[in-house]
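Trainee: Read off the chains here:
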Amino acid sequence: MEKNKKQLLQSLLNDPSFRNWADKSNKNDVLFWNNWILNHPEDIDTVDTAKSILLGISFNKTELEPHEVANALDKVLHKIEGKKNQKNAPTLLHAKKTYWQFGIAATVLVLVGLLFFLNQNTEVIHRTGFGEIIELKLQDGTLVTLNGNSQISYDKNDSRDITLKGEAYFKVKPIPSTNAKFWVNTQDLRVEVYGTQFHVNTRDEKTNVLLDEGSIHLLLENGGSRKMAPGEFVSFAKGQDLLTHEKINTELQYSSWKESTYIFNNIELNEVMKYVEQTYGIPFEFIDKELTLKTISGGIPNHDLKICLSAIEKSTGTRIVLKDKKLLIIKEN
Amino acid sequence: MDITSEKAVWQFFVGGDLNAFSTLFKHFYPQLHNYGLRISNNQEITEDCLQDFFIYLYEHRESLDHVRQVKSYLFVSYRRALIKKLQKRQLLQSLEETKDIFIFSKEEIMLGEELSEQRSKILETTLNELSPREREVIYLKYYSNLKTPEIKEVMNISYQSVLNTLQKAFSKLRSRLETAAISEVLKK
Numbered sequence: 001m002e003k004n005k006k007q008l009l010q011s012l013l014n015d016p017s018f019r020n021w022a023d024k025s026n027k028n029d030v031l032f033w034n035n036w037i038l039n040h041p042e043d044i045d046t047v048d049t050a051k052s053i054l055l056g057i058s059f060n061k062t063e064l065e066p067h068e069v070a071n072a073l074d075k076v077l078h079k080i081e082g083k084k085n086q087k088n089a090p091t092l093l094h095a096k097k098t099y100w101q102f103g104i105a106a107t108v109l110v111l112v113g114l115l116f117f118l119n120q121n122t123e124v125i126h127r128t129g130f131g132e133i134i135e136l137k138l139q140d141g142t143l144v145t146l147n148g149n150s151q152i153s154y155d156k157n158d159s160r161d162i163t164l165k166g167e168a169y170f171k172v173k174p175i176p177s178t179n180a181k182f183w184v185n186t187q188d189l190r191v192e193v194y195g196t197q198f199h200v201n202t203r204d205e206k207t208n209v210l211l212d213e214g215s216i217h218l219l220l221e222n223g224g225s226r227k228m229a230p231g232e233f234v235s236f237a238k239g240q241d242l243l244t245h246e247k248i249n250t251e252l253q254y255s256s257w258k259e260s261t262y263i264f265n266n267i268e269l270n271e272v273m274k275y276v277e278q279t280y281g282i283p284f285e286f287i288d289k290e291l292t293l294k295t296i297s298g299g300i301p302n303h304d305l306k307i308c309l310s311a312i313e314k315s316t317g318t319r320i321v322l323k324d325k326k327l328l329i330i331k332e333n
Numbered sequence: 001m002d003i004t005s006e007k008a009v010w011q012f013f014v015g016g017d018l019n020a021f022s023t024l025f026k027h028f029y030p031q032l033h034n035y036g037l038r039i040s041n042n043q044e045i046t047e048d049c050l051q052d053f054f055i056y057l058y059e060h061r062e063s064l065d066h067v068r069q070v071k072s073y074l075f076v077s078y079r080r081a082l083i084k085k086l087q088k089r090q091l092l093q094s095l096e097e098t099k100d101i102f103i104f105s106k107e108e109i110m111l112g113e114e115l116s117e118q119r120s121k122i123l124e125t126t127l128n129e130l131s132p133r134e135r136e137v138i139y140l141k142y143y144s145n146l147k148t149p150e151i152k153e154v155m156n157i158s159y160q161s162v163l164n165t166l167q168k169a170f171s172k173l174r175s176r177l178e179t180a181a182i183s184e185v186l187k188k
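In order, the protein sequences belong to chains A and B.
Counting from 1, one number per residue, gives the positions in the first sequence under the numbering used here.
Counting from 1, one number per residue, gives the positions in the second sequence under the numbering used here.
It should be emphasised that the hints constitute simulated quantities derived from the structure, not laboratory data.
All C-beta atoms in this analysis are idealised placements derived from N, C-alpha and C, irrespective of residue type, glycine included.
One or more of the hints may lead you astray.
Not close to chain A: a few residues of chain B, all C-beta gaps over 10 Å, as computed [as the list claims (entries may be wrong)]:
#	residue
1	19
2	67
3	90
Each computed DSSO-like pair below joins lysine-lysine, with the alpha-carbon atoms no more than 27 Å apart [to be verified]:
#	chain 1	residue 1	chain 2	residue 2
4	B	26	A	51
5	B	172	A	326
6	A	6	B	152
7	B	147	B	168
8	B	88	A	61
9	B	168	A	5
10	B	187	A	61
If the Cβ cut is set under 7 Å, some of the chain A residues that face chain B in the computed set are [said to hold, decoys possible]:
#	residue
11	19
12	20
13	47
14	49
15	57
16	59
17	64
18	65
19	69
20	76
21	129
22	130
23	133
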């Protein structure tokens, strides 16, 4: 290929209006380039090549199944854990001058290792990354929607007794024949369920529970208990004995994330940013303090950080920038 | 994962966050797995090497603060690790001398509106007649969706040779398709 043709090809590929012609996305550009081609018949080959490169080839991708990826991830996380433990072991072995302590230390080490192994063997863990929402069906048919940066775990033999860190929505399948209960444990309380739909959030150093349908019973960490009716909301933090128990008009603000949208009803920007921090794990800071009081009403998409932030920016007239692992909220110029 | 979340997650991963590590793993493992299979044609080695690679990343995360282009960094480093492993086991001399890498099957080529059964057969033949290096360019660009400057990084070749490869592949393809179209008309 001659040099000037190469240059033409390169400049065509880098020209946004040429791309618009190739994929027919802009009428003006289509007219312009059609006309240009008429006047440069000698370059038709180069134009055709540039067009094919831009439009490319579509492939049917053969991707791994999610469970294959999850298995590989489990293997890798185990190896990382194992290596951390190994790093501790040599310090014991090097201590050759230790006498009988050595025997005890080694026994303890083995025991700890064994407990760890047993624990890993029967415990099932589902984790989500930042901004990731997954839907799970447990062995008993219960549906769980797990919000970003959250985790549920349970014993392989008993998926009706689970532990939650983060935020999840449960649709528990009733088992009328045995009246089997379903349990959700958090650091603050234990939820006792028959068959029902509810939402639990353990972020922010407390546990919030919102009941949509059915009835549940809460056993609080301080020994107290509460019965909840549909539409009710309870918030409890251990150690503080602070309990909120109220009827909520709209469930939207608390569990709307499971539709990949946060719905805010006149909520202060400060609260909204807390949601973002919990879902994506990125802390935030108000550079202009008066912005904390700005309010948001309406839906904010939450499955993608960039889209989520730009929606918040638009509805509050602010600028949010990521700097030094922190979201800085500043006034729009 | 868009580029903003990718960078944010990477920063957390560098800081030692296992959750961020898992997010990166879930996002990139399938892509790199497919890439590795194309090079090694061996599932066991691909997976062993890829899992070791992620463990290596986690253990050396503190020195990975400088990484700006996460995707091309992962592709280039995994590629290097895999080739090294294959050479050690004497399963590979060099990528240039290996014929059966980055082979495309007819089933993989999507049948769009403009692509008839016959055209996709021609596309398959043409692609697989390119050199392995040229096929890798096509693979990285259209299968892994890497940008031209990223391909240049991953394969350690010049921007111009990426372009030349693309140009060559598509000219070849076009002349094949034209010949086929003409013979089709003559038959009728």
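Trainee: Could you run down the list of hints and mark each one as holding or not?
Mentor: Quick rundown of the hints versus the structure:
Against chain A, the non-interface label of residue 19 of chain B is violated: not every CB pair exceeds 10 Å, the least being about 6 Å. Every CB of chain A lies more than 10 Å from the CB of residue 67 of chain B, the least distance being 14 Å, so the non-interface label holds. The beta carbon of residue 90 of chain B is kept farther than 10 Å from every beta carbon of chain A, the shortest such distance being approximately 26 Å. Distance check on the hinted pair: residue 26 of chain B and residue 51 of chain A sit about 34 Å apart at the alpha-carbon level, beyond 27 Å; violated.
Proximity of residue 172 of chain B to residue 326 of chain A is assessed by CA-CA distance (about 50 Å); at most 27 Å being required, the pair is judged violated. For the proposed pair residue 6 of chain A and residue 152 of chain B, the alpha carbon gap of about 17 Å is at most 27 Å, so the pair holds. Restraint check: the Cα-Cα separation between residue 147 of chain B and residue 168 of chain B comes to about 18 Å, which is no more than 27 Å; the hinted pair holds. Restraint check for residue 88 of chain B and residue 61 of chain A: not satisfied, since their Cα atoms lie roughly 30 Å apart, outside the 27 Å limit.
Of the supplied pair hints, the one linking residue 168 of chain B and residue 5 of chain A holds, its CA atoms being roughly 13 Å apart against a limit of 27 Å. For the hint pairing residue 187 of chain B with residue 61 of chain A, the CA-to-CA distance comes to about 35 Å; that exceeds 27 Å, so the pair is violated. For residue 19 of chain A, the interface hint is violated, the least distance from its beta-carbon to any beta-carbon of chain B being 13 Å, above 7 Å. For residue 20 of chain A, the interface hint is violated, since its Cβ never comes within 7 Å of a Cβ in chain B; the closest pair sits about 18 Å apart.
Taking 7 Å as the C-beta contact cut-off toward chain B, the hint placing residue 47 of chain A at the interface is violated, the least distance being around 12 Å. Of the supplied interface hints, the one on residue 49 of chain A holds, with its beta-carbon coming within about 5 Å of a beta-carbon of chain B, less than 7 Å. Given hint, residue 57 of chain A at the interface with chain B, holds; its Cβ is 5 Å from that chain's nearest Cβ, closer than 7 Å. This hint holds: residue 59 of chain A has a C-beta 5 Å from the nearest C-beta of chain B, less than the 7 Å allowed.
Proximity of residue 64 of chain A to chain B holds as hinted, the smallest CB-CB distance being about 5 Å (cut-off 7 Å). The interface hint given for residue 65 of chain A is broken, as the beta carbon of that residue sits about 9 Å from the closest beta carbon of chain B, more than 7 Å. A hinted interface residue such as residue 69 of chain A counts as satisfied when its beta carbon comes closer than 7 Å to some beta carbon of chain B; here the least separation is about 5 Å, so the hint holds. Residue-level restraint check for residue 76 of chain A holds (minimum Cβ-Cβ distance to chain B is 5 Å; threshold 7 Å).
For residue 129 of chain A, the shortest C-beta to C-beta distance to chain B is roughly 3 Å, which falls under 7 Å, so the interface hint holds. Interface hint at residue 130 of chain A: satisfied, since its Cβ lies 6 Å from the closest Cβ of chain B, which is below the 7 Å cut-off. Interface restraint check: residue 133 of chain A against chain B, minimum CB-CB distance 13 Å, threshold 7 Å, status violated.
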